[in-house]
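Chemist: Sequence:
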Amino acid sequence: MNMKFVKRFLAVSMAATIMVVPMVASAATKTAEQTTQSTQTEQESAGEKLNKTMAEKTAASTTAVVAGKTLKSDVAGTVDVTNSKTYKAFILTSTNGKTAGDKQTVFSKTAKESPKAFDSANAAAAAIGGTVVGDAINADITLKNGGTAKAVLKEAPTGTVKVIQVADGGATTVLDATVDGTVVSFTPSNGHFTYFIVVI
Numbered sequence: 012m013n014m015k016f017v018k019r020f021l022a023v024s025m026a027a028t029i030m031v032v033p034m035v036a037s038a039a040t041k042t043a044e045q046t047t048q049s050t051q052t053e054q055e056s057a058g059e060k061l062n063k064t065m066a067e068k069t070a071a072s073t074t075a076v077v078a079g080k081t082l083k084s085d086v087a088g089t090v091d092v093t094n095s096k097t098y099k100a101f102i103l104t105s106t107n108g109k110t111a112g113d114k115q116t117v118f119s120k121t122a123k124e125s126p127k128a129f130d131s132a133n134a135a136a137a138a139i140g141g142t143v144v145g146d147a148i149n150a151d152i153t154l155k156n157g158g159t160a161k162a163v164l165k166e167a168p169t170g171t172v173k174v175i176q177v178a179d180g181g182a183t184t185v186l187d188a189t190v191d192g193t194v195v196s197f198t199p200s201n202g203h204f205t206y207f208i209v210v211i
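Residue numbering for the sequence shown follows this note's numbering, starting at 12 and increasing by one per position.
Rather than coming from a laboratory, the hints here were simulated on the basis of the structure.
Possibly wrong hints are sitting among the right ones.
[Unchecked claim] Simulated restraints on C-beta separations:
{"id": "1", "residue 1": "Thr142", "residue 2": "Lys63", "range": "37 to 45 Å"}
{"id": "2", "residue 1": "Lys96", "residue 2": "Thr64", "range": "14 to 22 Å"}
{"id": "3", "residue 1": "Ile211", "residue 2": "Lys63", "range": "40 to 48 Å"}
{"id": "4", "residue 1": "Glu59", "residue 2": "Ala137", "range": "40 to 48 Å"}
{"id": "5", "residue 1": "Thr116", "residue 2": "Ala138", "range": "27 to 35 Å"}
{"id": "6", "residue 1": "Thr74", "residue 2": "Leu186", "range": "22 to 30 Å"}
{"id": "7", "residue 1": "Asp187", "residue 2": "Ser56", "range": "42 to 50 Å"}
{"id": "8", "residue 1": "Ile139", "residue 2": "Ala66", "range": "32 to 40 Å"}
Ideal Cβ placement from N, Cα and C applies to all residues, glycine included.
Generate coordinates for the entire structure from the input sequences, incorporating the hints supplied.
Modeler: Here it is, written out as C-alpha cells:
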C-alpha cells in the first residue's frame with residue numbers, strides 16, 4: 012500500500028476525530044446545563060408554591076372571629092394549626108404592640124407526632140388531677156416585652172383549665188389560664204416549648 016496514502020488517511024481521520032469530540036462534548040455540556048436549569052426552575056417553583064401554602068396557613072391560623080370580635084396576632088412568623096382537630100387558631104400578641112425582634116414559629120402536634128412531650132404532659136396533668144385535651148401546640152416564641160397567647164379551640168372546654176408547658180428535655184410547668192368561651196389565654200415563655208390544654 013502506498014505510504015503517502017496511508018499517512019494522508021491517518022491525518023484526515025485524526026482531524027475528523029478532533030473535530031467530532033469537541034462537538035459531542037459541547038452537546039453534552041449543553042444538555043447538562045439545560046437539565047440543571049430545569050431542575051433549578053422546578054425547585055424554585057416548588058419553593059414558591061410551599062411559601063404560598065404556608066402564608067395561607069399562617070393567615071388562617073393567626074386570625075379568628077369569636078363572638079363577633081376579630082382576634083389577630085401582631086407577632087410575625089409561621090403558624091399552622093389548620094390540620095388540628097383541637098385548635099382553630101393561635102393568636103400571639105406582644106405587650107407593647109409590634110416590637111422589633113418578636114417572632115413565632117408554631118405548629119399543632121398530635122400524640123403520634125410528639126409522643127415524648129405528650130408522655131410528660133400526661134404525667135403532669137395526672138399529678139394535678141387533670142386530663143390533657145386534644146392536640147399540642149409546638150411553639151418557638153420570642154417576645155421582647157412579654158405577651159399573651161390565645162389558643163382558640165374548636166369546642167369550649169368545661170371545668171378548670173390549666174396549660175402545661177413542656178421543655179425540650181421533658182421538664183413541665185403548670186401555667187394559669189383564663190377561659191372565655193372557646194378562647195384559652197395564657198402567658199407563654201420565650202424559647203421552644205410544647206403547650207397542652209388541661210382540664211381538671
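Chemist: Honestly, do Thr142 and Lys63 meet the 37 to 45 Å range at C-beta?
Modeler: Since Thr142 and Lys63 have Cβ atoms about 38 Å apart, the given range 37 to 45 Å holds.
Chemist: Between Glu59 and Ala137, does the beta-carbon spacing fit 40 to 48 Å?
Modeler: holds (46 Å)
Chemist: For the hint 40 to 48 Å, verify it against the beta carbon of Ile211 and that of Lys63.
Modeler: holds (42 Å)
Chemist: Could you check the hint for me, namely that Ile139 and Ala66 are 32 to 40 Å apart, CB to CB?
Modeler: Cβ of Ile139 to Cβ of Ala66: about 39 Å, so the range 32 to 40 Å holds.
Chemist: Cβ-Cβ distance between Lys96 and Thr64: within 14 to 22 Å?
Modeler: This hint holds: roughly 20 Å between Cβ atoms.
Chemist: Between Thr74 and Leu186, does the C-beta distance stay in 22 to 30 Å?
Modeler: The hint (22 to 30 Å, Cβ to Cβ) holds, given that Thr74 and Leu186 are roughly 24 Å apart.
Chemist: At the C-beta level, are Asp187 and Ser56 separated by a distance inside 42 to 50 Å?
Modeler: holds (47 Å)
Chemist: Against the range 27 to 35 Å, how does the distance between the Cβ atoms of Thr116 and Ala138 compare: consistent or not?
Modeler: The hint (27 to 35 Å, Cβ to Cβ) holds, given that Thr116 and Ala138 are roughly 29 Å apart.
When held up to the earlier numbered hints, the structure conflicts with none and fits them all.
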